[in-house]
Structures are given as C-alpha cells and as structure tokens.
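There are 4 protein chains.
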Amino acid sequence: MGKYRVLIDANDEKGIVYKVSTVFFNCNLNILTNNEFVDKENNKFFMRSVVEGDVNLDNLNKSLRDVLPKDSGIEIIEPKKKNIIIMATKEMHALGDILIRHEAGELEANILAVISNYDELESLVSKFNIPYVTISHENLDRSDHEAKIIECINSYKDVDYIVLAKYMRILTPKFVEEYEDKIINIHHSFLPAFIGANPYKQAYNRGVKIIGATAHFVNNNLDEGPIISQEVIHVDHAYSWRDMQRSGRNVEKIVLSQALKLALEDRIFVYANKTVIF
Amino acid sequence: MGKYRVLIDANDEKGIVYKVSTVFFNCNLNILTNNEFVDKENNKFFMRSVVEGDVNLDNLNKSLRDVLPKDSGIEIIEPKKKNIIIMATKEMHALGDILIRHEAGELEANILAVISNYDELESLVSKFNIPYVTISHENLDRSDHEAKIIECINSYKDVDYIVLAKYMRILTPKFVEEYEDKIINIHHSFLPAFIGANPYKQAYNRGVKIIGATAHFVNNNLDEGPIISQEVIHVDHAYSWRDMQRSGRNVEKIVLSQALKLALEDRIFVYANKTVIF
Amino acid sequence: MGKYRVLIDANDEKGIVYKVSTVFFNCNLNILTNNEFVDKENNKFFMRSVVEGDVNLDNLNKSLRDVLPKDSGIEIIEPKKKNIIIMATKEMHALGDILIRHEAGELEANILAVISNYDELESLVSKFNIPYVTISHENLDRSDHEAKIIECINSYKDVDYIVLAKYMRILTPKFVEEYEDKIINIHHSFLPAFIGANPYKQAYNRGVKIIGATAHFVNNNLDEGPIISQEVIHVDHAYSWRDMQRSGRNVEKIVLSQALKLALEDRIFVYANKTVIF
Amino acid sequence: MGKYRVLIDANDEKGIVYKVSTVFFNCNLNILTNNEFVDKENNKFFMRSVVEGDVNLDNLNKSLRDVLPKDSGIEIIEPKKKNIIIMATKEMHALGDILIRHEAGELEANILAVISNYDELESLVSKFNIPYVTISHENLDRSDHEAKIIECINSYKDVDYIVLAKYMRILTPKFVEEYEDKIINIHHSFLPAFIGANPYKQAYNRGVKIIGATAHFVNNNLDEGPIISQEVIHVDHAYSWRDMQRSGRNVEKIVLSQALKLALEDRIFVYANKTVIF
Numbered sequence: 001m002g003k004y005r006v007l008i009d010a011n012d013e014k015g016i017v018y019k020v021s022t023v024f025f026n027c028n029l030n031i032l033t034n035n036e037f038v039d040k041e042n043n044k045f046f047m048r049s050v051v052e053g054d055v056n057l058d059n060l061n062k063s064l065r066d067v068l069p070k071d072s073g074i075e076i077i078e079p080k081k082k083n084i085i086i087m088a089t090k091e092m093h094a095l096g097d098i099l100i101r102h103e104a105g106e107l108e109a110n111i112l113a114v115i116s117n118y119d120e121l122e123s124l125v126s127k128f129n130i131p132y133v134t135i136s137h138e139n140l141d142r143s144d145h146e147a148k149i150i151e152c153i154n155s156y157k158d159v160d161y162i163v164l165a166k167y168m169r170i171l172t173p174k175f176v177e178e179y180e181d182k183i184i185n186i187h188h189s190f191l192p193a194f195i196g197a198n199p200y201k202q203a204y205n206r207g208v209k210i211i212g213a214t215a216h217f218v219n220n221n222l223d224e225g226p227i228i229s230q231e232v233i234h235v236d237h238a239y240s241w242r243d244m245q246r247s248g249r250n251v252e253k254i255v256l257s258q259a260l261k262l263a264l265e266d267r268i269f270v271y272a273n274k275t276v277i278f
Numbered sequence: 001m002g003k004y005r006v007l008i009d010a011n012d013e014k015g016i017v018y019k020v021s022t023v024f025f026n027c028n029l030n031i032l033t034n035n036e037f038v039d040k041e042n043n044k045f046f047m048r049s050v051v052e053g054d055v056n057l058d059n060l061n062k063s064l065r066d067v068l069p070k071d072s073g074i075e076i077i078e079p080k081k082k083n084i085i086i087m088a089t090k091e092m093h094a095l096g097d098i099l100i101r102h103e104a105g106e107l108e109a110n111i112l113a114v115i116s117n118y119d120e121l122e123s124l125v126s127k128f129n130i131p132y133v134t135i136s137h138e139n140l141d142r143s144d145h146e147a148k149i150i151e152c153i154n155s156y157k158d159v160d161y162i163v164l165a166k167y168m169r170i171l172t173p174k175f176v177e178e179y180e181d182k183i184i185n186i187h188h189s190f191l192p193a194f195i196g197a198n199p200y201k202q203a204y205n206r207g208v209k210i211i212g213a214t215a216h217f218v219n220n221n222l223d224e225g226p227i228i229s230q231e232v233i234h235v236d237h238a239y240s241w242r243d244m245q246r247s248g249r250n251v252e253k254i255v256l257s258q259a260l261k262l263a264l265e266d267r268i269f270v271y272a273n274k275t276v277i278f
Numbered sequence: 001m002g003k004y005r006v007l008i009d010a011n012d013e014k015g016i017v018y019k020v021s022t023v024f025f026n027c028n029l030n031i032l033t034n035n036e037f038v039d040k041e042n043n044k045f046f047m048r049s050v051v052e053g054d055v056n057l058d059n060l061n062k063s064l065r066d067v068l069p070k071d072s073g074i075e076i077i078e079p080k081k082k083n084i085i086i087m088a089t090k091e092m093h094a095l096g097d098i099l100i101r102h103e104a105g106e107l108e109a110n111i112l113a114v115i116s117n118y119d120e121l122e123s124l125v126s127k128f129n130i131p132y133v134t135i136s137h138e139n140l141d142r143s144d145h146e147a148k149i150i151e152c153i154n155s156y157k158d159v160d161y162i163v164l165a166k167y168m169r170i171l172t173p174k175f176v177e178e179y180e181d182k183i184i185n186i187h188h189s190f191l192p193a194f195i196g197a198n199p200y201k202q203a204y205n206r207g208v209k210i211i212g213a214t215a216h217f218v219n220n221n222l223d224e225g226p227i228i229s230q231e232v233i234h235v236d237h238a239y240s241w242r243d244m245q246r247s248g249r250n251v252e253k254i255v256l257s258q259a260l261k262l263a264l265e266d267r268i269f270v271y272a273n274k275t276v277i278f
Numbered sequence: 001m002g003k004y005r006v007l008i009d010a011n012d013e014k015g016i017v018y019k020v021s022t023v024f025f026n027c028n029l030n031i032l033t034n035n036e037f038v039d040k041e042n043n044k045f046f047m048r049s050v051v052e053g054d055v056n057l058d059n060l061n062k063s064l065r066d067v068l069p070k071d072s073g074i075e076i077i078e079p080k081k082k083n084i085i086i087m088a089t090k091e092m093h094a095l096g097d098i099l100i101r102h103e104a105g106e107l108e109a110n111i112l113a114v115i116s117n118y119d120e121l122e123s124l125v126s127k128f129n130i131p132y133v134t135i136s137h138e139n140l141d142r143s144d145h146e147a148k149i150i151e152c153i154n155s156y157k158d159v160d161y162i163v164l165a166k167y168m169r170i171l172t173p174k175f176v177e178e179y180e181d182k183i184i185n186i187h188h189s190f191l192p193a194f195i196g197a198n199p200y201k202q203a204y205n206r207g208v209k210i211i212g213a214t215a216h217f218v219n220n221n222l223d224e225g226p227i228i229s230q231e232v233i234h235v236d237h238a239y240s241w242r243d244m245q246r247s248g249r250n251v252e253k254i255v256l257s258q259a260l261k262l263a264l265e266d267r268i269f270v271y272a273n274k275t276v277i278f
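Protein chains in written order, with this note's numbering: chain A, 1 to 278; chain B, 1 to 278; chain C, 1 to 278; chain D, 1 to 278.
FYI, nobody ran anything at the bench for these hints, they're computed from the structure. A few of these clues could be false.
What the hints assert, rightly or not - Straight-line distance between alpha carbons at most 20 Å, and here's what the computed EDC-like set of lysine to aspartate or glutamate pairs gives:
#: 1; chain 1: D; residue 1: 201; chain 2: B; residue 2: 41
#: 2; chain 1: A; residue 1: 3; chain 2: B; residue 2: 91
#: 3; chain 1: B; residue 1: 82; chain 2: B; residue 2: 180
#: 4; chain 1: C; residue 1: 261; chain 2: B; residue 2: 180
#: 5; chain 1: A; residue 1: 127; chain 2: D; residue 2: 119
#: 6; chain 1: D; residue 1: 90; chain 2: A; residue 2: 120
#: 7; chain 1: C; residue 1: 261; chain 2: B; residue 2: 91
#: 8; chain 1: D; residue 1: 127; chain 2: A; residue 2: 120
#: 9; chain 1: D; residue 1: 14; chain 2: C; residue 2: 13
#: 10; chain 1: B; residue 1: 261; chain 2: C; residue 2: 52
#: 11; chain 1: D; residue 1: 44; chain 2: C; residue 2: 52
#: 12; chain 1: C; residue 1: 44; chain 2: A; residue 2: 103
#: 13; chain 1: B; residue 1: 19; chain 2: A; residue 2: 158
#: 14; chain 1: D; residue 1: 3; chain 2: C; residue 2: 13
#: 15; chain 1: A; residue 1: 44; chain 2: C; residue 2: 236
#: 16; chain 1: B; residue 1: 40; chain 2: A; residue 2: 52
#: 17; chain 1: C; residue 1: 3; chain 2: D; residue 2: 39
These figures come from a predicted structure and were not determined experimentally.
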C-alpha cells in the first residue's frame, strides 16, 4: 500500500475541498494528514494531503485535474530521499550540522557533493566520504566561476536542492534562474534587516537587542527571496560583533536545517515571493 | 448570509473529510477556513470549519449527524459575544489586561461581573462600569464560601466562561464539576513544574533559568487540567523571587488573554486531559 | 540612611574601578549592586552602582570628580517617582498597559497628562483621573501643531520623560531637540526592518515568519534612535496583516512598558546612538 | 603580559569591591571585564574579573587572601584548553554538535575520549581521531560497570569536565562524588518538569505546549543538580512524542554546548544547588 504527498495549489472556488476529498474517497485513499489554506487576498487555495492506499498515480492525477480549475498545480510525490548539493565557503557550523544530521539518518536526503571556493572544509567533508569539490574563484570572473560550478552541479543527475550553507559569494541572476526555487540560503540576519555584507557588523553598529537568521529561497534580488524560516536570539551591549557572530551561528545552523527539512518533506509552497508552509 | 463555526469531533474513519465536505457542498456553504487533526493514537478526528452561506442550522446539524459516526460531537456556532465572569483576588495585572482589551473592543465577550474575595480591586473595576462583587472567605468554611460564589454566578444567565485572573484560592471538586470545561485559570509557572502555592519561590529555590505561565482549564486535580497556552521568559541568578514574580506578570497576563481569546473564538477542543487548538 | 543610584560614564583608564570604589569606601557607602561595562572599541567606561549610607551628595560628587577623568559623566540620583507625559493617538493597548501598571503602583512615575491628537482615548484616561488634552492637528501645519504640544508639555514642571504610546505622527527635528534623550517611542516592527509607515503591511508583504516591536529613544532620523528593548513573536502564512497587527500589540505594549521601567530606574546609558543597559 | 580570570566567592561585607580592586591596582593589573553579584539572602559575594598584566600569581593570591574574609574562595586561572571526556549512549546529535565545534576550533577544550556503553557511535567519533571506548553494561551490575568507567576516566590525567551528551544511564552517588561539580548533563526536559525516564512521553501525555532541555551539574539526586542553562520550543497538539523528541534534539544540543562553553570559560559559580553565571 503506497503513501503519497499530494500538493495542490489552485484558484479558490466553492467546493474545492469537496471535490478533492471526493477524488480521494473514490480512489479509496485514506487521508493521514490534511492541511489547507486560502489566501483570500489573492484568491489562492493551497492543500497538502498525505494519503495512503493502492492507487494508480496517473489516474489520481487525471481525476484531480478533472475536478480542479484549469492551471492548478498538482503534485503527487512518493516520499523518498532527495538529492542535494551543498555549497559552502570556510565556515564549518552550518555544513557540519547538516553532515551530522545526514550521518544520523535524520535527513530524507542524499548529499551528492559539497562544492566550495576554498579547500578549508575538505578535511571535514572527506571524513564522511562525501565528494568535496574545490572550485576557486581566484583569477576567474564571476560568470566563468559560476559556469564551472554549474558544470559541476549538472554532472550530477536529479539534483533536487542546492543548499547554501554559508556560501559567501553573491550569485548572478543567470545562476539563480538555472535553479529556480531550488536554492536554499541561510542569511545571517533577521531579514529584511541588514541585507548584504557583514550583517553582524551592521547589527552591532545599529545597537540592536536581538539578532537572527533567515533561511530563504534565492531569487535575483540579493536576500529578497521567499522566506522559509527565521529565528532570533537576544543580545546586549556587552556583545562585540564577533560575539554576535559566534552566538548567531547557533541560530543559523538550526534555521537552515529546519528549512531544509521542510523542503525535503515537500511542505513548502512558493508564490508571490512568499511561502506557505504546512 | 450567515457565518458559522462548525466543530466536529468523531472517531476517525476513512472518508470523514469527504462526507463532511459533501454536506457543506450540498448545503451550498462556502468554506472560509478549515482545520483538521487526527489523533492516531486515540483514533480521534477533530475539525473546525468556518463556513458561510444561507442554511437552516437544524438541517445542517441533521445532515452532518447522518454521515458522521454515532456519538460524534457536532457544534454549529453563530459567532457572537460570549458571557464571562472574572474571578480575582488582589493582583491587578491579569484582570487589568482583560479590562483594557474589553474596553478596546478586542474581546468577543461581555464581562458580566468580577467576583473577588477581597475589595482591593473594586476601585479599578468600577471605573469600567462592571459589577464588582466582594465575597469574603473570612469566617466561612470553603464550601460555604463557594456556595455563595456559585449563587452569585448562577444569578447571571448564560455564563459561557469563568476566568480565574489570579484568583488565589483552591476550588473544590464540587465547584469545578458545576462548571466543567468552563473555568480558565492562569497558573504562574510553567506546568507541570511548580504545581501549587508560591511557584515563583519554588522556581527561585530550584535555581531555574526560565520561568513561565500556563493557562489551563480547571479540573479536580490542582493545576492538572488541560493546558491551553504556555509562555516563558529567561531569568538569571540576579533575580530574587520577587523579581521573578514581577517579570512573570507580563507573561501571565498575555497567556491568560491569549487563552481566553482562543476560547471565545471556539478554537479549543478538550479531550484526554489535553487540548487541540485550531 | 539614604540609597542612591550612581551613574558614571568616563573614558576608560586603568584603576578606574579602584578609584570609584575607594571613594565609596571612604564615604562609608555600602554597595548594593554594581554593574560595569567597558566598550573597548570606543574606550568608554560605564558604571551603575546602587549604594547605601549617610553621605553628603555634594561631597560624594566632588570626590568622584576628583578621581575620574575630566569630562566624565557623574549622576547621583535619589530614587523617586519621575514625571512622565504620555502621547497617544487612537490605539488603546500601549496606553492602557501603562495606565494599569500606574494604577497598580508598579511604575516609579507620576503621569502628569496624556496628550493626543484625537479624543478617542479620553474616556479611558479620564477613568483614571489623569488629565487628557486633545490637541488636534487638523487645519494646522506640523510646526504649529507641535508648538501647541510643546506649550502644553512645558506647562508642566520637571517632565522627565515623554512616552509615545503609539503616537502616530512624525515629530520634527525641532520637537526632538527640545526633549533630547527624553522621548521614548514604541515602533511596531523589529527595527531596522520596516522603518516608517505601516510596518505590519510591509512585514506581511515581505512574507516574514517573525514580527516584532522596538522601544527606542527618538532622534532626528525617523525610527533610527538608540534602541532600548526589542521583542518578537512568530507568525505564519495564515496571518493577514491585520492578524499581525493584533498579535503585535501584545509585544508592543510589553516592550514599551519594559523600556519605560528601565528609564525610570535609571538603568540606561545612551551613547554613539546605542544604549548600555544595566 | 598575562591574562587571568580571577574568581572570588566570599561572605559579603562592606568594602569588598574596594579591597579587591585595590589589590588589582597595586598589582598593576588592568581590569578587562568585571562582574559582581551579591546574594543578599545568603550574604554571599561573587566576582569574576578578567585582568591583564605582569604579576606573580602567588603574590596576587596572597594579597587577595589578606584582604578577603577567611574561607573565601579564590581562583586565579590562566585561560587554556581544558580536558574533557564525553560520555554518550547511542544518540548522535549532542555528541556530534560538540565534535563539530571542537573541529572548528570553537571550544577551549581537548576531547580526551568518548566513552559509551554501546559501539554505535564509534564510526562517527573515529572520523575525528578521538579515542572511543565502549564499556558495555551487559552482564555487569551497576557498580562494576561504573568501576570500569572510572578506571577508564582516571587513566587520563587532569580531566576537567565529564560531559554527558545523552548518556542514558543513571549514575550512582559513588560515581557522582568522584567527580563533584565536574559532570555536566543534558536532560531532555525543562526541569524540574518531567524528571526521570522518557520526558518527551511524559510531556506528550501531559499535553504541554512548550518543551525544553536543561543542562545541569549532576549531583546525587537524579536531575536535581544545579541548573546551568535552559531553553524551550513551542509544540502543539499535532506533535507525537516522537516529533517532540526530534524537535527537542535541536534544543538539547545547543543548550549542552552553551553550558559546556560557560564551564570552559570559567563563568559558573556553584552554590546552594544553584549557579551564578557571569
């Protein structure tokens, strides 16, 4: 008996829950969990159901398509490990957190490779028998550097997500387009505060009493993509920006791993530069 | 066109969402929000829908009863102000928070009266033109004192909730039975830590680094009723128990008001000494 | 026997704690609490001591001045109620929270008056026998309107702080200069995110997962003054901006009251557009 | 020029700050940071100073002893890496977090060994070239098992702390006495709630809305030692106890690592079954 995640986004209309649940019922599917949300402002309906039963997936898809408004998004996903590639620079905490979770079997993911523009993290990654690829940006212009990274990524098949675990270089629109809604980044501030470089220094200079981290999908505008997860911690006047950085790492790694978990479990809808998360 | 909150709790079975949504569809009701939860351990299904449309409520009730398992709980509620009675002792913060929200029109409630075993709070309450009834416990045994309170409460019609806004006396099982699942209490600790008297002193003596408050329905066992809402704040070694008490008040009043709001909006199911909150 | 708060800010130099504590010792003062901080970046020393003893305050001041670097800030404060004026517009929660705390005797403050550009809050304020002054901005240009407010404020003697409890008009540099480091504002966002108008709408549009509030001293640049206190709460996709506004009020009022308490207890140093808080 | 942490605990008396700072001044020491706390209830004074200068440590110790009350605790510590032994059972998250921090050079510690009653974690630990010792408890009574562990620990010199990173066996009073105030444990609940086995199940059964973790020194009474650090997260009715366990791990590992950091930086005083933390 199969278990499936059914993701629907559609224009809202009366009876939509009735129609979808009728399809599930007629297909003899048992609903394990069901989450719905209607964005009244945009008249959009979102639904994530986990269903169980013997069903032909093409039939299920067709039946849903028959009852839903045209142009509805319908995804029927059989839970299995997704393929991810991690990009990092020199910092160990966010990458290390994912490696340990992976080792513990906590993640529904295969880590295909870690790509970095430095070799500092190779020693850590190689302990876990995961390929480590250093692609230095030195003596390369940005597009040539990214071309090499894209070549590397595309040498792997079926990459589901690219996780920027403190990858400290700005990506070009070309790169981002290549992997739309597939790149998850951790920004070390409570966005939209402190966009750009050195957010802890910015936070220190502003004299804030709380710092944070934001996991988000990457789009063309720096640090302006759809937010998945945010978390904060309190600081006070005694914190130097280095202290903020040190304490902030605890938040960064947890927030990134949470966002990755949500993505791997197909719990995130992206629309209107926002996320709906079930 | 009416707007209704439909609350269902039932033994879970395949097709239950289909059946309920079919009833809504056939009654020509539009679903505004829909929340469901299945407790697999106890095989229980919970649903809260806000629906809109022209419908005969008796018909709707009957239609739902026809499709749902026997002994299912079905409530169809037309949103309107509920009637509450507040009980307090001497402390002003939790009571004051409710009075201000009431004055601001934030609460879906009429405050019928405030009952206290002291007269300290009369000056505050009378500013808001709300009846204040002092029922002193002096020279009365507990059951006689409570009999007077019950008499006072029952002199009001259609009391939906009794809110214990730091009412500092223990209620007898008789009192609690009289108003089952209708009494909301704020306990000034993070339950189940520090049950009973002087939780801040207990917390201080234990040297905890976090204190909290818990809003819960009252049942026969002291501080052991179903938890509605909890919140905490950080403290450190420099806090005396009086400091904890002072800081804790901020949490107490917010948590109690949140729990009251959830109750007034019919968002709470109680079962197995727990709450399901939508 | 007197109890005094001694506040010192000075350029840091070796022996400064030794010198101050020698003065306290020679003056036969007992130190009840002692907080120090050195900002190494700016070479600034901050100290707040609560001392107890029989002492001539002029002598104490002179003795401290003799041992401290020239141009040091020295304040010796006898704890007593400070005088505050509250400015508000139409919203009740932040003002109401302060009124209830005042009524409960929690605040080291006399509320001299509440000034508003509308009369909506008069009914509430007058319950507490506090003067309410409506100064409408209609048909007045900004500077004429402010001139009237300044005239009203200055009709009271010894105003220590002006508390903007959701006063929804921007103050001119002239007004701010008049009351430098004396105006405490609550901004309904987690600054520096969402400066300016309608921060909840901004937050909703950005799709953040956390919202917050910031209490700060007001300076000439909108929402850019020294931050005193910040707090946040989690939200999700199901929150409309109105829901954010409603939930945010709980944070706003607590943060403003906390900041006010810190100011009333002389716990805040302001420098370099930041605060040191003991 | 040396840098030292000076830790003093003494019966409080007038002039104590003056006396200590006089000693520092006379020894030509510069105070980098200074923290003091007086527990008025117990008349105890605590101070942690970080000082810098050329000084003979015996002279400094003697000078401090000369001015402080008899039986005062005085420690002068030259910052250097401390030696720790980690004990674990089968879970990877808390151990893994420490290993990654160690690898990143974040911890002021040498990890001498990891001791476990199972061999599940050997594969992880050996990646980091840290000795892993399996001491199975099978077919051994508790005291024999602990004797073997003590033998192993004592085969290492100068062990500063023993870190229980989810070591799931109860320690006997004998073991605890052997390493008084040196054993740091992470308990997977918000103590004192849910002492003992299976706290997440207990929390689930009680229907709490917040779960937490507590790092504490171990003493003879199970889960009743001095608390160092606590943190919580929100849960709701949809969490099974397994979900609580999964989410709780994020808190457990961060809290344990924070507590360890505080210990390694000599920031913790233990007294009266509590901690003072600077």
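Evaluated hints:
1. For the suggested pair residue 201 (chain D) and residue 41 (chain B), the alpha carbons sit about 13 Å apart, so the restraint of at most 20 Å is met.
2. At roughly 54 Å between alpha-carbon atoms, residue 3 (chain A) and residue 91 (chain B) are farther apart than 20 Å, so this suggested pair is violated.
3. Straight-line distance between C-alpha atoms of residue 82 (chain B) and residue 180 (chain B) comes to about 16 Å, which keeps the hinted pair within the 20 Å bound.
4. Note on residue 261 (chain C) and residue 180 (chain B): the hinted pairing is violated, with a Cα-Cα distance of about 40 Å set against a maximum of 20 Å.
5. Pair hint residue 127 (chain A) plus residue 119 (chain D) holds up; C-alpha atoms about 18 Å apart against a cutoff of 20 Å.
6. For a cut-off of 20 Å, the pair hint linking residue 90 (chain D) to residue 120 (chain A) is broken: about 30 Å separates their Cα positions.
7. With a C-alpha separation of about 19 Å, the suggested pairing of residue 261 (chain C) with residue 91 (chain B) holds against the 20 Å cut-off.
8. For the given pair, residue 127 (chain D) sits about 17 Å from residue 120 (chain A) by alpha-carbon distance, which is consistent with the 20 Å threshold.
9. For the suggested pair residue 14 (chain D) and residue 13 (chain C), the alpha carbons sit about 25 Å apart, so the restraint of at most 20 Å is broken.
10. About 47 Å separates the Cα atoms of residue 261 (chain B) and residue 52 (chain C), which puts this hinted pair outside 20 Å; it is violated.
11. Using a Cα cut-off of 20 Å, the hinted pair residue 44 (chain D) and residue 52 (chain C) holds, with the two alpha carbons roughly 18 Å apart.
12. Of the pairs offered as hints, the one joining residue 44 (chain C) and residue 103 (chain A) is violated, with about 48 Å between alpha carbons and a cut-off of 20 Å exceeded.
13. For a cut-off of 20 Å, the pair hint linking residue 19 (chain B) to residue 158 (chain A) is broken: about 40 Å separates their Cα positions.
14. Between residue 3 (chain D) and residue 13 (chain C) the CA atoms are separated by roughly 17 Å; this keeps the pair inside 20 Å, and the hint holds.
15. Distance check on the hinted pair: residue 44 (chain A) and residue 236 (chain C) sit about 16 Å apart at the alpha-carbon level, within 20 Å; holds.
16. In summary, the hint linking residue 40 (chain B) to residue 52 (chain A) is supported, as the alpha carbons are separated by about 14 Å, within the 20 Å threshold.
17. Straight-line distance between C-alpha atoms of residue 3 (chain C) and residue 39 (chain D) comes to about 18 Å, which keeps the hinted pair within the 20 Å bound.
In the structure shown, a violation is registered for the earlier hints numbered 2, 4, 6, 9, 10, 12 and 13, in ascending order.
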